[in-house]
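Top line first, the protein sequences correspond to chains A and B. My numbering numbers the first residue of the first sequence as 1265 and each following residue consecutively. My numbering numbers the first residue of the second sequence as 230 and each following residue consecutively.
No lab work stands behind these hints: they were computed from the structure. This one's a predicted model, so the numbers in the text were calculated from it and none came from an experiment. Think of the CB as a built atom: it goes at the ideal place given N, C-alpha and C, for glycine as much as any other residue. Hints should not be assumed to be uniformly reliable.
[To be verified] Here are the in silico distance ranges between beta carbons for each label pair: (1) A/Arg1290 <-> B/Tyr246: 44 to 52 Å; (2) B/Phe265 <-> A/Glu1324: 44 to 52 Å; (3) A/Arg1274 <-> B/Lys375: 30 to 38 Å; (4) B/Met230 <-> A/Gly1286: 48 to 56 Å; (5) A/Thr1332 <-> B/Gly320: 48 to 56 Å; (6) A/Glu1346 <-> B/Met266: 38 to 46 Å; (7) A/Ala1353 <-> B/Leu434: 21 to 29 Å; (8) A/Gly1294 <-> B/Glu376: 52 to 60 Å; (9) B/Asn260 <-> A/Glu1312: 54 to 62 Å; (10) A/Leu1323 <-> B/Asn398: 30 to 38 Å; (11) B/Phe265 <-> A/Asp1278: 40 to 48 Å; (12) A/Val1343 <-> B/Lys259: 50 to 58 Å; (13) A/Gln1303 <-> B/Asn398: 31 to 39 Å.
[Claimed, not checked] Taking lysine to aspartate or glutamate pairs in the EDC-like style, the calculated list, with each CA pair at most 20 Å apart, reads: (14) A/Lys1297 <-> B/Asp255; (15) B/Lys234 <-> B/Asp255; (16) A/Lys1275 <-> B/Asp255.
[Unchecked claim] Footprint (simulated), chain B over chain A, 3 or more residues, beta carbon under 8 Å: (17) 1291-1297; (18) 1312-1320; (19) 1343-1353.
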Amino acid sequence: MKIKNGFVVRKIGDRILAVAIGEVSREFHGMIKLNETAQFMWKQLEDEKTFDELLSAVLEAYDIDEQTARKDVIEFINVLDEGGILERA
Amino acid sequence: MFLIKIADVIIGIKNKYEWIHKQCTDYIVKNGTPEFMVSATEQELFQEQQCADRPYAKGYLESICVYRKICSQLPKYNAFLLHSSVIEIDGAAYAFSAKSGVGKTTHTKLWMNLLENRAVVINGDKPIYRLNKGEFYAYGTPWAGKENWNKNANAVLKGICCLKQSLINEMYSIPSCDAVDELYSQILIPFEKENALKMLELLDLLVKTVPVYILKCNITQQAAELSYSTMTKEKCNED
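Okay, chain B solo, but in the shape it has when bound (with noise of 0.2 Å):
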């Protein structure tokens, strides 16, 4: 048994297997009372094991078994997972989401190619968000694709940026609607009904509070200009 702690929750994890706990290393904890506690059954692994598109160690399946069933019981907290890679800059946190293969890992690439030493990944696939005081914040988490890229920071989200293979360069802000259909496939909606719940309330204060895009994109470096001069630049006045 071990503590973590994600998004300033702090979580037992009741492991079989050593995976887990060396994956977690950044995010261990020695002293605090957990908010809940969490383990898999060899039941599940088997199950995680069937539902996979080729075999994996019973270290990974039980790691991400139990990053679902945290991430099923995050709500309660303000706090969810986003499919999506997310990079610090200046401060801010900004989102590019994207089912897998779409290419969330190259635009991150190209941010850090442009960007250099001024950017962080917090997470290149499944950081949580939380809400906190009114604002969303992105926090890194253990879980995180497999480049790993991932820093146990947080940062203020300042937008969200959904991605679309295209062969020319272009990109604009859509409205809570269209966010909502763009987004809700990247989420998890947790099996238990009041944690399902909340998270359909945290999405919409998402979509809310959090300025959306579509990037329809290619992999040069003028695409992360295009997402980087549009999400970072001030609010101008639009009338």
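One chain only, chain A, in its complex shape (with noise of 0.2 Å):
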């Protein structure tokens, strides 16, 4: 899975801001915000990974135990699903 072209990760005030721009805007309206975990998790998914490369690359990058950040990669891909902004090959 991959997060769609045409998304832009900006740094808005204190808030760091995924936001679809030009064609991809027409399917996903407005904006998501991103905490550190999620930022790193986006900058992961630009390119194509599985759900285990991306688990492991989380597990690698924080100090965290399997479960919480199965957890949070969960809750993270259902959130950007919501939004339909991932792609499967």
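Got two chains here, each in a separate frame; can you build the complex from them with the hints?
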């Protein structure tokens, strides 16, 4: 899975946002707020990743147990899926 | 075809209907080179009608379509639309932002009652803000909502108040992250990438340089007294 083309991530004030720009904004209106972990996962998903690859990346980058990481990854993917932001090969 | 100047930008409008021409009367300029031209096709008017809540005259549809196109270009000139009502008093501008129906118009009326002849509504609904030498200015435009309160004037923006309906009045300043959450839905992100990125940069500068507040308010005069005194008081040393 991978984030569709056309999103940009910007820090606006102290808020980190992912915003749809151009064609993709016809399907996805508005923005997604990213915290630090979400921003990391977003960055990872700009390139094609499997669930397990994403999970390993999170476990490597953050000092958290696998159960917590797994929960974070699932939650984040759900948010992206609700917005129709992910494409799957 | 005619030329208007809004936020100190000269724009050429190729209109098909007279409505927009009449609407723009106070903003028409006779001379000058337009920065860009705008027009709306019949197809675009049709699409505009499809998204509207009820049937509108073609002239009105042309006007809203043209304004959206103008606002999509403005970030290039460090300017942008923020859905808000903005009042000038003593040379400074104070904005009230909220989605339609929350009470921008009502709160604006309360300010006008409170301040009488000292205050002027620069624009009651769709003003332009423009960054000029590190400060944001509010500008009047002919697009100004149902009441059509507008004045071809500008003033330096000293505060933005995000309105919430409430039984009791309460006001506090908010950090830039919350300001972004409040204001993001009241700006227009242009379709074209370059302008969209510029718009995000401008929003970043806006929340970093202009104080943003939440105002939970009812419709009594006390609500206006609170927002007026909070936004106009001199900044105190906070330690």
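Q.
Please check whether A/Val1343 and B/Lys259 have a Cβ separation lying inside 50 to 58 Å.
A. For B/Lys259 against A/Val1343, whose Cβ atoms are near 53 Å apart, the range 50 to 58 Å holds.
**Q.** Holds or violated: A/Lys1275 to B/Asp255, with C-alpha atoms at most 20 Å apart
**A.** violated (39 Å)
Q | Given coverage of the region 1312-1320 of chain A by chain B, tested with a Cβ cutoff of 8 Å and a minimum of 3 residues | A | violated (count 0)
Q.
Is the coverage entry for the region 1343-1353 of chain A by chain B consistent with the three-residue Cβ rule at 8 Å?
A. violated (count 0)
Q) Does 40 to 48 Å hold as the CB distance between B/Phe265 and A/Asp1278, or does it fail? A) violated (34 Å)
Q: Take a quick look at whether B/Lys234 and B/Asp255 sit within 20 Å of each other, Cα to Cα.
A: Holds, because 9 Å separates the two Cα atoms, which is no more than 20 Å.
Q. A/Arg1274 and B/Lys375, beta-carbon distance inside 30 to 38 Å?
A. holds (34 Å)
Q | Range hint 48 to 56 Å (beta carbons of A/Thr1332 and B/Gly320) holds or violated | A | holds (54 Å)
Q. Is the hinted pair A/Lys1297 and B/Asp255 satisfied, with a Cα-Cα distance of at most 20 Å?
A. violated (41 Å)
Q. Counting residues of the region 1291-1297 of chain A that have a beta-carbon nearer than 8 Å to any beta-carbon of chain B, does the count reach 3?
A. holds (count 3)
Q: Go ahead and decide if the range 21 to 29 Å is satisfied by the Cβ distance of A/Ala1353 to B/Leu434.
A: violated (39 Å)
Q | Pairwise beta carbon distance, A/Arg1290 to B/Tyr246, judged against the given window 44 to 52 Å | A | 27 Å Cβ-Cβ, so the 44 to 52 Å window is violated.
Violation of the numbered hints given earlier is confined to hints 1, 4, 7, 8, 10, 11, 14, 16, 18 and 19; the remaining hints are satisfied by the structure.
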